[in-house]
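Engineer: Listed here are the chains, written in short residue letters.
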Amino acid sequence: MNGTDRDRFRNLRATLRLWGETLMALGRSPGAVIGGVLFGLIIATSLFFPWVYAQDPLAQDLLARLAPPFWQEGGSLAHPLGTDNLGRDVLVRILYGSRVSLMVGFASVLVACGAGIALGLISGYYGGRADSLIMRVADVFMAYPFMLLTISVIAVLGNSILNLILVLGLSDWVTYARTIRGSVLSIKEKEFVLAARSAGTRHHTILLRHVFPNVLSPILVLGTVRVANIIIWESGLSFLGMGVPPPMPTWGRMLAEGRVYIMDSWWLVTLPGLAIMLTILSINLLGDGLRDALDPRLRNIPR
Amino acid sequence: MGRYLLKRLWHTVYVVVGISIISFFFIHLSGDPVMLMLPPDASIAEVETLREQLGFNDPIYVQYWRFASRAVQGDLGSSLYFRVPAVDLILERLPASLELAGAAMLIALVVSIPLGIISAVKRGSLWDVSSMLGALFGLSMPHFWLGIMLILLFSVTLGWLPTSGRGSLAHLVMPSLALGLSLMAMFARLTRSVMLEVLSQDYVRTARAKGLKERLVIGKHALKNALIPLVTVAGMQFGFLIGGTVIIETVFAWPGVGRLVVQAIFSRDYPLVQATVLVLAVLFVLVNLLTDLVYLYLDPQISYLERK
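Chains as they are written, first to last, in this note's numbering: chain A, 1 to 303; chain B, 304 to 611.
Heads up, some of the hints might be wrong.
Claimed, not checked - Ranges of calculated distance between the beta carbons of each label pair, as one might list FRET restraints:
| # | chain 1 | residue 1 | chain 2 | residue 2 | range |
| --- | --- | --- | --- | --- | --- |
| 1 | A | L18 | B | L394 | 52 to 58 Å |
| 2 | B | T460 | A | A130 | 55 to 61 Å |
| 3 | B | L394 | A | L166 | 42 to 48 Å |
| 4 | B | Y364 | A | G127 | 55 to 61 Å |
| 5 | B | K516 | A | T45 | 50 to 56 Å |
| 6 | B | F328 | A | V260 | 34 to 40 Å |
| 7 | A | L18 | B | L599 | 38 to 44 Å |
| 8 | A | T45 | B | G405 | 24 to 30 Å |
| 9 | A | L166 | B | S346 | 54 to 60 Å |
| 10 | B | A348 | A | S132 | 45 to 51 Å |
| 11 | A | L278 | B | W463 | 26 to 32 Å |
| 12 | B | L464 | A | P247 | 30 to 36 Å |
| 13 | B | L401 | A | T45 | 40 to 46 Å |
What the hints assert, rightly or not - Residues of chain B placed beyond 12 Å of chain A at every Cβ, according to the derived structure:
| # | residue |
| --- | --- |
| 14 | G305 |
| 15 | T315 |
| 16 | P343 |
| 17 | G358 |
| 18 | F370 |
| 19 | W430 |
| 20 | P445 |
| 21 | L455 |
| 22 | R492 |
| 23 | Y506 |
| 24 | A512 |
| 25 | L544 |
| 26 | G561 |
| 27 | R571 |
| 28 | N591 |
As the list claims (entries may be wrong) - Listed next, the stretches of chain B that the computed footprint assigns to chain A, with coverage defined by at least 3 CB atoms under 8 Å from CB atoms of chain A:
| # | stretch |
| --- | --- |
| 29 | 446–453 |
| 30 | 580–587 |
Note that these hints are calculated values from the structure, not bench results. Even glycine gets a Cβ: it sits at the ideal position worked out from N, Cα and C.
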């Protein structure tokens, strides 16, 4: 084992210890535990439900149109959460909807993170003209209300799942870029960065090895919160008919379609919304816990 | 302070220019309006003539300049569907949206600030825990779903409130509550955490040590300082309100700008979409400017140049 290898090993051990401590801190917060378990369950359900509940989300049971959930009179276990106006099974549609929401949520946050991290690192580390250009553009994006930006792009490009992910992701890079830039500005004056620099380390190596790992925790906290926000916006866009196009079932569109039958079929407007709320609640609980565990200074970050 | 104001104004100007560039870009992306104006069997020569007449063959910066100079004069193009100037349509609908957004903001602030203060003062009490739990639920509900649930409860089941439309105060209750609840939750959490921070400051301890009544300590010394971040966040949330009205107005058939823009999207009325987006975005920028001025008034000690 030569010197660099030993250094690497030590680094890895320090990193692992840090993550261990974070996990311990998370474990001490009951909210974070509940949120984490719940969110884990939701993800697992959305991945594995076809093995347990193999129904076709598009199959129409026209004899059982608008059937109520099983515990109500007229409901049956054939459709545990009832059916919609075309006799489609509500439970399986909610389950498929969870896949759409989670996928759009995670993918958009990844897009936003990627763009935001890259621009934030450049802006904060190199400063100068690149910095002022990026921050000017960020100002303009900040001033453009998020919903309007996404709506106007979707209106022009048309709605597809890819467009949705790109639009939601690219409208959301600013928050990440700003957070990263702020952290980088303080980190780049720290001794370990200056030391690396005076040892002749190249800029991009410093950025990747020394600066980037130190800005990860605010990004993790921010990313968690933003997944929740994106899921809410996605369901809103779907509700307006500008989200993922049919026939893919989404929570937002289920609510939009069910609204017509609000007078008699309460389950159509209630259950998909409950699914959204549970998902967001679990993410928010987890996010609060992460924030307290990783960085108490972020406690005042508004959402 | 004068320099700060100047800087702030310059910031506003370039943001508005940036927004206008994005808007212009969208109009361009949305396709060739000439094709929409001419009958489908028009010859290529006819298309070219009209393109030339309307200036679509000019370089793009010339076209942008024309768009911008018209926009400055209040001409944002005409709606393809209604065949009237877009600005007229927007101005006609704007009061309804502002009423809704204002009511939502008012409800949110009036409820959340006392809630947050009591929670901070009685930290760890049953009140604190339950209201923060409530706030967490409030944050986790999409507002359009909350709107539907309110309709289900108050209109369908109880029959107390009208389901849709605008007019009396009763019409305003559900839409503004649906729009305002998540803000309320957010402000309550923020007020609580800011108050907790302020209450641990030296000047609060001094005020208490002087023997001031607790009510005065909290109402005068603590609250005034806690209000500063609240004002900033409230101003920034105006953007959220604008986005929110788009959906809430659709749920409650509220005759505002949000519903106008949704209808415009579905009738492929791109000039109207872009004009609305431009107007709302500029409005948002102006509200942010106003927020900063209020901020300046609340906290004259802060040297903005140093903070930048």
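Engineer: Indicate, hint by hint, whether the structure satisfies it.
Structural biologist: These are the hints, each one checked on the structure:
1. For L18 (chain A) paired with L394 (chain B), a C-beta distance near 56 Å keeps the hint of 52 to 58 Å intact.
2. Range check, T460 (chain B) to A130 (chain A): Cβ separation about 58 Å, and the 55 to 61 Å hint holds.
3. Judged by the Cβ atoms, the range 42 to 48 Å given for L394 (chain B) and L166 (chain A) is violated: they are separated by roughly 33 Å.
4. For Y364 (chain B) and G127 (chain A), the Cβ-Cβ distance of about 30 Å falls outside the hinted range of 55 to 61 Å, so the restraint is violated.
5. Hint check: K516 (chain B) to T45 (chain A), Cβ distance near 54 Å, so the stated range 50 to 56 Å holds.
6. For F328 (chain B) and V260 (chain A), the hinted distance range of 34 to 40 Å is satisfied, since their beta carbons lie about 37 Å from each other.
7. Remark: the range hint 38 to 44 Å for L18 (chain A) to L599 (chain B) is upheld by a beta-carbon distance near 41 Å.
8. Restraint check, T45 (chain A) to G405 (chain B): a C-beta distance of roughly 41 Å breaks the suggested window 24 to 30 Å.
9. Our hint of 54 to 60 Å for L166 (chain A) and S346 (chain B) is violated, since their Cβ atoms are close to 38 Å apart.
10. A beta carbon spacing of about 48 Å between A348 (chain B) and S132 (chain A) agrees with the range 45 to 51 Å that was offered as a hint.
11. L278 (chain A) and W463 (chain B) have their C-beta atoms about 28 Å apart, which keeps the hinted 26 to 32 Å range intact.
12. For L464 (chain B) paired with P247 (chain A), a C-beta distance near 35 Å keeps the hint of 30 to 36 Å intact.
13. Hint check: L401 (chain B) to T45 (chain A), Cβ distance near 43 Å, so the stated range 40 to 46 Å holds.
14. Taking the minimum C-beta to C-beta distance to chain A, about 21 Å, the non-interface status of G305 (chain B) holds against the 12 Å cut.
15. The claim that T315 (chain B) is not at the interface with chain A is violated, since a C-beta of that chain comes within 12 Å of its own (minimum 9 Å).
16. At the 12 Å boundary, the C-beta of P343 (chain B) stays outside the reach of chain A, the nearest C-beta of that chain being 21 Å off.
17. Under the 12 Å C-beta cut-off, the non-interface status given to G358 (chain B) relative to chain A holds; the minimum distance is some 21 Å.
18. Consistency note on F370 (chain B): stated as away from chain A, and its beta-carbon is indeed over 12 Å from all of that chain's, at 15 Å minimum.
19. No beta-carbon of chain A is positioned within 12 Å of the beta-carbon of W430 (chain B); the least distance is around 18 Å.
20. Listed as outside the interface, P445 (chain B) is inconsistent with that label: its C-beta sits roughly 5 Å from the nearest C-beta of chain A, within the 12 Å cut-off.
21. The claim that L455 (chain B) lies off the interface is violated: its Cβ sits roughly 6 Å from the closest Cβ of chain A, which falls inside the 12 Å cut-off.
22. Annotated as non-interface, R492 (chain B) brings its C-beta within 12 Å of a C-beta of chain A; the closest such distance is 8 Å.
23. Chain A leaves Y506 (chain B) outside its interface by the beta-carbon criterion, the shortest separation being 19 Å against a cut-off of 12 Å.
24. The Cβ of A512 (chain B) lies farther than 12 Å from every Cβ of chain A, with a closest approach of about 27 Å, so its non-interface assignment holds.
25. The non-interface label for L544 (chain B) is inconsistent with chain A: the shortest C-beta to C-beta separation is roughly 9 Å, within 12 Å.
26. The beta carbon of G561 (chain B) is not kept farther than 12 Å from every beta carbon of chain A, the shortest such distance being approximately 9 Å.
27. At roughly 8 Å from the closest C-beta of chain A, the C-beta of R571 (chain B) falls inside 12 Å, breaking its exclusion from the interface.
28. At the 12 Å boundary, the C-beta of N591 (chain B) falls inside the reach of chain A, the nearest C-beta of that chain being 7 Å off.
29. Counting residues of the stretch 446–453 of chain B whose CB falls under 8 Å from any CB of chain A gives 4; the rule of at least 3 is met.
30. For the stretch 580–587 of chain B, the stated coverage by chain A holds: 4 residues have a C-beta nearer than 8 Å to a C-beta of that chain, and at least 3 were required.
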